[in-house]
Amino acid sequence: MMQTLASAQPDILQKLIFGETPAPSEAAAWSDGLFLMITWFSIFFFVLLMGLMVYFTIKYRRRPGVPAQPSPHHNLLLEIFWTVVPSSSLIVMFVLGFQGYTSKVVSPDNAMELKIQGSKWSWIATYPNGATSPETQALSRVVDNENHTVIEGKQYPIFYLPENTDVKLRMMSTDVIHAFWIPEYRTKMDVIPNRYTGFGFRTPILTPGDTYVHRETGEVMPGRDMWVFCAEYCGDDHSRMAATIRIVPQEVYDQKMADWSVKLSPIDAGIKIWTQLCKTCHETDGTRLVGPAWNSFKNADGEFGFGYDALLEDGSSVIRDANYYRESILDPNAKIVKGFAPAMPSYQGQLSEEDIDNLIVFIQSLSDRNPNAGQDAGDAEEAGSDTEAGSDS
Amino acid sequence: MSTLEANAGHHHDEGSYFDGPPGMMARIWQWSTTVDHKKIGVMYLVAVLFMFFLGGMAAIGVRYELLDPIRTQTTEFVNAAGDIETVTVTTGESLKELMGGMFGEGVSGSQIYNRVFTLHGAIMVFMFIIPAIPAALGNFLLPIMLGAKDVAFPRLNLLSWYIYVVGCLFGVLSILLGGVDTGWTFYTPYSTTTDADHWRVVLMVMAAFILGFSSILTGLNFVVTVHKLRAPGMGWFDMPLMIWALYATAIIQVLATPVVGITLLLLIFERVMHIGIFDPSLGGDPVLYQHFFWFYSHPVVYVMILPGMGIISEVIAVNARKHIFGYRAIAFSSLGIAGVSFLVWGHHIFTAMGELAAILFSGLTFLVAIPTAIKMFNWVATLYKGSIVINTAMTYGLMFLFTFSIGGLTGLPLATLATDLHLHDSYYVVAHFHYTMMGGTVIAFMAGLHHWWPKMFGKMYSEKGAMLGAALVFIGFNLTFFTQFFLGTQGMPRRYANYVDEFQTLHQISSAGSLILLVGFLVHLFVFVQSLLSGDKAPANPWGGLTLEWETESPPIEHNFHKEPILKHGPYDFETTVPPHWDPKDYPLPENAGKH
Numbered sequence: 001m002m003q004t005l006a007s008a009q010p011d012i013l014q015k016l017i018f019g020e021t022p023a024p025s026e027a028a029a030w031s032d033g034l035f036l037m038i039t040w041f042s043i044f045f046f047v048l049l050m051g052l053m054v055y056f057t058i059k060y061r062r063r064p065g066v067p068a069q070p071s072p073h074h075n076l077l078l079e080i081f082w083t084v085v086p087s088s089s090l091i092v093m094f095v096l097g098f099q100g101y102t103s104k105v106v107s108p109d110n111a112m113e114l115k116i117q118g119s120k121w122s123w124i125a126t127y128p129n130g131a132t133s134p135e136t137q138a139l140s141r142v143v144d145n146e147n148h149t150v151i152e153g154k155q156y157p158i159f160y161l162p163e164n165t166d167v168k169l170r171m172m173s174t175d176v177i178h179a180f181w182i183p184e185y186r187t188k189m190d191v192i193p194n195r196y197t198g199f200g201f202r203t204p205i206l207t208p209g210d211t212y213v214h215r216e217t218g219e220v221m222p223g224r225d226m227w228v229f230c231a232e233y234c235g236d237d238h239s240r241m242a243a244t245i246r247i248v249p250q251e252v253y254d255q256k257m258a259d260w261s262v263k264l265s266p267i268d269a270g271i272k273i274w275t276q277l278c279k280t281c282h283e284t285d286g287t288r289l290v291g292p293a294w295n296s297f298k299n300a301d302g303e304f305g306f307g308y309d310a311l312l313e314d315g316s317s318v319i320r321d322a323n324y325y326r327e328s329i330l331d332p333n334a335k336i337v338k339g340f341a342p343a344m345p346s347y348q349g350q351l352s353e354e355d356i357d358n359l360i361v362f363i364q365s366l367s368d369r370n371p372n373a374g375q376d377a378g379d380a381e382e383a384g385s386d387t388e389a390g391s392d393s
Numbered sequence: 001m002s003t004l005e006a007n008a009g010h011h012h013d014e015g016s017y018f019d020g021p022p023g024m025m026a027r028i029w030q031w032s033t034t035v036d037h038k039k040i041g042v043m044y045l046v047a048v049l050f051m052f053f054l055g056g057m058a059a060i061g062v063r064y065e066l067l068d069p070i071r072t073q074t075t076e077f078v079n080a081a082g083d084i085e086t087v088t089v090t091t092g093e094s095l096k097e098l099m100g101g102m103f104g105e106g107v108s109g110s111q112i113y114n115r116v117f118t119l120h121g122a123i124m125v126f127m128f129i130i131p132a133i134p135a136a137l138g139n140f141l142l143p144i145m146l147g148a149k150d151v152a153f154p155r156l157n158l159l160s161w162y163i164y165v166v167g168c169l170f171g172v173l174s175i176l177l178g179g180v181d182t183g184w185t186f187y188t189p190y191s192t193t194t195d196a197d198h199w200r201v202v203l204m205v206m207a208a209f210i211l212g213f214s215s216i217l218t219g220l221n222f223v224v225t226v227h228k229l230r231a232p233g234m235g236w237f238d239m240p241l242m243i244w245a246l247y248a249t250a251i252i253q254v255l256a257t258p259v260v261g262i263t264l265l266l267l268i269f270e271r272v273m274h275i276g277i278f279d280p281s282l283g284g285d286p287v288l289y290q291h292f293f294w295f296y297s298h299p300v301v302y303v304m305i306l307p308g309m310g311i312i313s314e315v316i317a318v319n320a321r322k323h324i325f326g327y328r329a330i331a332f333s334s335l336g337i338a339g340v341s342f343l344v345w346g347h348h349i350f351t352a353m354g355e356l357a358a359i360l361f362s363g364l365t366f367l368v369a370i371p372t373a374i375k376m377f378n379w380v381a382t383l384y385k386g387s388i389v390i391n392t393a394m395t396y397g398l399m400f401l402f403t404f405s406i407g408g409l410t411g412l413p414l415a416t417l418a419t420d421l422h423l424h425d426s427y428y429v430v431a432h433f434h435y436t437m438m439g440g441t442v443i444a445f446m447a448g449l450h451h452w453w454p455k456m457f458g459k460m461y462s463e464k465g466a467m468l469g470a471a472l473v474f475i476g477f478n479l480t481f482f483t484q485f486f487l488g489t490q491g492m493p494r495r496y497a498n499y500v501d502e503f504q505t506l507h508q509i510s511s512a513g514s515l516i517l518l519v520g521f522l523v524h525l526f527v528f529v530q531s532l533l534s535g536d537k538a539p540a541n542p543w544g545g546l547t548l549e550w551e552t553e554s555p556p557i558e559h560n561f562h563k564e565p566i567l568k569h570g571p572y573d574f575e576t577t578v579p580p581h582w583d584p585k586d587y588p589l590p591e592n593a594g595k596h
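In the order they appear, the protein sequences are chains V and Y. Okay, so the first sequence: first residue is 1 according to this note's numbering, each after it adds one. Okay, so the second sequence: first residue is 1 according to this note's numbering, each after it adds one.
It is worth saying that the hints were derived from the structure and are not from the lab. Wrong hints could be hidden among the right ones.
[As the list claims (entries may be wrong)] List of simulated lysine-lysine pairs, DSBU-like, C-alpha gap at most 30 Å: (1) Lys298/V / Lys115/V; (2) Lys464/Y / Lys537/Y; (3) Lys59/V / Lys464/Y; (4) Lys385/Y / Lys59/V; (5) Lys263/V / Lys168/V; (6) Lys263/V / Lys298/V; (7) Lys59/V / Lys154/V; (8) Lys585/Y / Lys59/V; (9) Lys149/Y / Lys464/Y.
This one's a predicted model, so the numbers in the text were calculated from it and none came from an experiment.
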């Protein structure tokens, strides 16, 4: 059954409906086959109904002096026929749909488990060895070598997966309901704050045509990128809650795992947490997002950055020291900076003491009142750019 | 089309329901204290059309924003001094540029988009489409079609209208205070935590809560009216199918609406008093809300569509001069849909429930497709051997068969579990429910409005102008929403202001369609206003209908009928009966009639 419904070479209709790229797994191809089957069924009945409607409307159009001709007001046999035929087709759809659902939701016992955490508005994937991915890529990237400019959209995390492997997702949200959708796998599941959900899929075997461009070096590498979108509305930046799944050869994957499990310096660990969790709302170049930027600068709303006073909603002001940042992470609504909405969720229980500490080290490094200055200045240069004043674009 | 208008209504001992005392204030007082179901129906019509306009403008706003994705881009370049500089620019915030001031300082383009699509959904669902047919057309027609003077509880009927208006005022107040960004479904825990320092969300939820009472009271009124006030001689199976549809609708309204009322109240409790019901951080369960919500909101999609199906049954039968095919099948399928509609709420939550529940709800969902399919076959079969005239109402009736078929058939991959996992919460779903709700209910509403307009206001409208409007609506509607099926299957999620580049062309086609749709409705508005100002006087029975509303004048007298009507023929006996107010020589009857 699996083979009869799925077609390896997508036909025109299939391309029109699902796009150019072939489905990456058997379960996905099967689901497309089922969709096409239902579509043909629908087209048949639609053409039948509309054909009869148009035919009757023309043939029996009103002519002066010609009455409507009597015909039966009901016909039991006909009515039973057009009840039973569609009903039995529906049973077929139901059963096939149930089969396809099972193949999408259930994965083999030995499948690799990837933990997915959704929070407003970012995804984090944790690998079996505890590593998380620090790599990101933008939705769009334009490099203009002549003028030495690079135009890039927002950065989204890249989750590497080895080819030809069964993967099982175990997902949980830290705040509201999200949904993890991989359109190419034709599957999504809600990501809910108080329980695990998940689904499984098998990564494809890479073909020579499967390549991506390395962000820094511009090299063409073997691999296949797939978008992940949040499909359950979750607020302000719902439409910017994306990620990339990158299917790579096993050895590339193994190398990434080895690299990522190396212990990072506090400031690098802070940068990593910022990229994964905080960057959606807090920039480090003075740009105003949902929350204030972290670097030191001055504008109409007051002074910003570590070591500077924060003007609060209630008119008072408070010094931004390590304790201020700690409180803002654990109990964000305790002090609201003037001009900003109380939109931040608490990270109590999500970030360890070490994580918080590392984040504060990173925030400190962004300020010209950095108490650690001189010891890690190089890192700070790399992490955030040193734009002078905040430009509220 | 000549009629016996000259003979009809010449014993005018009372004027039309439209006549009133002289003086502006006296008339306003008369209308605002009226218990006449016709006046209340007209007041509903005015109110829902205003809400349709507001919701429609929000829809245009949504389509305007989606012409361009909202993009925040960083440009990295080497400046004159040789240093690397970065500049971050956000583009495509069309709504913010157009009307950012309305939403206050520091609100981003995405936030504005979220509020605008929420307003579109909340207004269209709670304030337009639920009351549109039952409360506006239903109120006007139900008693007259039954041969009654009024509904069973006329004062309660007026109260429903005032409750509706108060509900709408809450909604509008919430909008004026800046609007809400919860989505019309108010999913928890987002809805209980967003905008924590504002009352806007509570106001909008209160609006939906209050509107529920209006719906319940109207439903109650209709159930009792149908049971108790049918004209002498009118048995259950002599009722027009419009009445069957309104009856099934009323039952759903009475049974399901209290559930959403309680749910919304719990949501307010959680939000205001922090009682943990749905928010896990307070010990609640977020999916519980979805179960409660859809236990109402799934049946309520049949509150939206069933009356539309009733209109289609009337419009097709009258304009084809045929007895409706399979009267009992249509009547019972209305009740069947009403019954099964209570068992399928889970298909809105396929991606958040266990496997067993998902399989169960998938099976039950297929059940609801069957009565709908039966109706489609019956309507097409009614056309067979008819004498079909294509006027505006009939055009909309046939258009309904076209768009609603697409709406129904595209529901099949959503009921099928394997394919739903892909299509759930994608643009495919958006397209599907617009084909059922707009292609179904709104198109049927337009059919009904044109069919009964002469009866309601006593004026004819320009058939040419209305046909032009209908053509524009048809083209615009399909252009807007058919493209969205492809957006969905290719991976475009719902409620996205920011999307990947490959979707832009389809979004732009869709937006262009929405503009044509807008022009179509403006043409209709123009035609209706022109009809009210300078339309020809409508005859009592312009289309040759056999239901009781065509026996009285256009517009009806205050008490509907001069004396209590006695039913002498069925609602669809076109083969054997010359319609009231018609001359037999203008209405040829078939020679071999009455055999069936």
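Hints versus structure:
With a C-alpha separation of about 40 Å, the suggested pair lysine 298/V and lysine 115/V falls outside the 30 Å cut-off, and the hint is violated. Under the criterion of a C-alpha separation no larger than 30 Å, the hint pairing lysine 464/Y with lysine 537/Y is consistent with the structure, at around 17 Å. The suggested pairing of lysine 59/V with lysine 464/Y holds, with an alpha-carbon distance near 23 Å, which does not exceed 30 Å. Between the alpha carbons of lysine 385/Y and lysine 59/V the distance comes to roughly 8 Å, so the proposed pair stays at or under 30 Å and holds.
Distance restraint check for lysine 263/V and lysine 168/V: the Cα-Cα separation of roughly 26 Å lies within the 30 Å cut-off, and the hinted pair is therefore satisfied. With a CA separation close to 35 Å, the supplied pair lysine 263/V and lysine 298/V exceeds the 30 Å bound. Between lysine 59/V and lysine 154/V the CA atoms are separated by roughly 60 Å; this puts the pair beyond 30 Å, and the hint is violated. For the proposed pair lysine 585/Y and lysine 59/V, the alpha carbon gap of about 23 Å is at most 30 Å, so the pair holds.
Between lysine 149/Y and lysine 464/Y the CA atoms are separated by roughly 35 Å; this puts the pair beyond 30 Å, and the hint is violated.
In terms of the numbered hints stated before, the structure departs from hints 1, 6, 7 and 9, listed from lowest to highest.
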